Amino acid sequence: MNDTPEFKPESPGLEAWRMFRRNIPAVFGLVLLIVIFLATLYGALIYNGDPFDIVWAPHEMPGATPEFPLGTDYLGRDIIAGLLTGGGPTLAVGAAAAALTMFIGISLGALAGYYGGWVDNLLMRFTEFFQVLPALLFAMVLVTLFSPSLWTIAFAIGVVSWPQTARLTRAEFLKIKELEYVTAARAIGARNKRIIWKVILPNAAPPLIVSATLTIGVAILFEAGLSFLGLGDPNVMSWGLMIGANREFILEAWWPVTFPGLAIFLTVFAVSLVGDGLNDAFNPKLRQR
Amino acid sequence: MSPLLEINDLAVTFATRHGEVTALDSVSLHVNEGETLGIVGESGCGKSITALSVMGLIPQPHGRIRAGSIKLAGEEFVGATPARLRQMRGAEAAMIFQEPMTSLNPVFTVGDQIAEAITLHQNTSRDRAFKDAIALLDRVGIPEPDKRARDYPHQLSGGMRQRMMIAMAVSCRPKLLIADEPTTALDVTVQAQIFDLLNEIQRDFGAAILLITHDMGAIAEMADRVSVMYAGRVIETATADQVLDTPQHPYARGLIDCIPALGKSETGLKEIPGVVPPLHMLGAGCAFAQRCDHAQARCLREKPKLINHGHHPAACHGVEEARL
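Chains as they are written, first to last, in the numbering used here: chain A, 13 to 301; chain B, 1236 to 1559.
Think of the hints as simulated: they come from the structure by calculation, not from any bench. Remember, predicted model here, so these are calculated numbers, not experimental data. Some hints could be false.
Unchecked claim - With a cut-off of at most 30 angstroms between alpha-carbon atoms, the simulated BS3-like pairs for lysine-lysine come out as follows: (1) Lys1306(B) - Lys205(A); (2) Lys1505(B) - Lys205(A); (3) Lys1410(B) - Lys189(A); (4) Lys210(A) - Lys1366(B); (5) Lys205(A) - Lys1410(B); (6) Lys1540(B) - Lys1505(B); (7) Lys189(A) - Lys1306(B); (8) Lys1306(B) - Lys1410(B); (9) Lys210(A) - Lys1382(B); (10) Lys210(A) - Lys1410(B); (11) Lys189(A) - Lys205(A).
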């Protein structure tokens, strides 16, 4: 019937990737992200040295000593070592917080949107309760309550940022559950659980993937913010902690805060580019061949 | 022989902003094993709601079955548990939807979707189900079924997608197949193919078909018996030949007059003047009275009952009085 010569089947995922590849800023973001990721993963092995070790005189200018190209901080700690070892925890906190955000947000949003009625009312009032609390203050309270460690920080960020995801998921579910293929799935005898996770969620995935990506960026900024306020984990080097520890001396030495700040900026920038690229790749209206 | 599907005095209401409206009002019909019953009527007359009621899929939370009974193979399904309804769906009664474009999940391949339907009701492995799916695609006349099974819905034409839907619907060999306007969204040439396929499937699988349509041509081609619906009620019911040759109710007559006939040089297409009244504005009388050429005072006062006035059952005072 349809004898187009070699009409190649293409999965939606593959098609999205083809679209993504054409988006030069997004590919640039992805490459940047991979470079940052590899640098934080292997950098510490190549350039070894404990970031907490005092190795030189404090506030050494970048470039002044060849051994420490980015200089030292107020205690005489090597800034490159800090950047390379601090990236891992920063990214880990961002990813863990985003994962928690997606987990809570998608679960609650899916149930609220799918079941509607009193379930929706209850869950959405609960969501609004979290939404009206000032996020940063609430996160600070949580971190102080549980004593700062990487995981409590990730937990706190996750707990304050899921309402957005829940609302987005609910909106998608409200829209998709009215579509005919959901009724068709019900008409062949699929149960609610299956319809939620295997019929509606895959169709709601594109905006959620975009949102998850952007959440990583927001979570990294959040972690930096908390560390800057002195609520970071003092035992684990992270970019936020570097900024937080050195902020008092910012007028005497600009570099101990600037380089980790730049690292955060580049990472969040890369994540945002990738997120925007995914958004475009999944948006059928922007697909011109 | 007792009927496979028996609906008695079914009443379905919907909560709307105009208050509670009656979408189905004492609808009774039956489908015998292996036969095709056509339900005809304009948009909004309750055809689809009848179909969804049988599947236990009335839109929640606004819709409710108020009264009546739906028996499938002797078992009552009004008030059945959700678990029982779920078992029934797909396995004992399956549905083919109007829009093959929108009734398939866009993110899974067609083979996966049929295999999914099979594994929902049968205890088989995924691989085995996928092979069955390919066999079904072959059965419904899809060329190169092993390749097409790996296609996504958007890569298939409308006719192929509807074949796909039919394959999915018959995957668990249901005794009743509900086809809700299965050809409305398709080209005329494809429509005929789909009807042929449904006839074949009915013969091979021995399934009864409840065909919902607004097209009298489809009735002539497919149906053994017909129930004509108007504003939530069955207003005439008989064999397809009887209804087509000697329609009793003015509405049924109007529908048949609307079929454009080849060769007859008439001035344009015929139509039934007016529209179906909104369900919240149904008065005490016959819902068709406003559009009926033969309406009398009694038609505005009193709802006619579906009674055999000599020829076959029709709900019309005019038919009743003409006989008296």
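Determine which of the earlier numbered hints do not hold for this structure and return their numbers in increasing order. 2
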